[in-house]
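Colleague: Sequence:
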Amino acid sequence: MAFQRAILPAVLSWADKLVMIGKYWNTYLIACQCYIYYIAYTGAPS
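Okay, so the sequence shown: first residue is 1 according to UniProt numbering, each after it adds one.
If you are wondering where the hints come from, they were derived from the structure by calculation, not from laboratory data.
Even for Gly, the Cβ is constructed at its ideal location relative to N, Cα and C.
Careful, some of the hints might be misleading.
Stated by the list, open to error - Okay, the calculated beta carbon distance ranges per label pair:
| # | residue 1 | residue 2 | range |
| --- | --- | --- | --- |
| 1 | Q33 | S13 | 28 to 34 angstroms |
| 2 | A31 | P9 | 29 to 35 angstroms |
| 3 | T42 | R5 | 35 to 41 angstroms |
| 4 | Y35 | I7 | 36 to 42 angstroms |
| 5 | A40 | V11 | 38 to 44 angstroms |
| 6 | I7 | Y37 | 39 to 45 angstroms |
| 7 | L8 | Y41 | 33 to 39 angstroms |
| 8 | A31 | A10 | 27 to 33 angstroms |
| 9 | L18 | A40 | 46 to 52 angstroms |
| 10 | I21 | G43 | 44 to 50 angstroms |
| 11 | L8 | L29 | 28 to 34 angstroms |
Given only the sequences and the hints, what does the whole structure look like? Please build it.
Modeller: Following this line, the structure appears as structure tokens:
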């Protein structure tokens with residue numbers, strides 16, 4: 001029981017982070033795409 005009590009908060013906090021990552025994953029992908037397009041149009045920084 002002590003083991004369960006110790007692991008549950010860790011699992012919940014991990015699941016919470018996963019939900020947050022999922023929420024912002026699309027925004028992150030769009031930002032990466034914009035960055036790639038920006039480099040493609042302006043030339044790679046040297």
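Colleague: So which hints don't hold here, by number, going up?
Modeller: Violated hints (numbers, rising): 3, 7, 9 and 10; every other hint is consistent with the structure.
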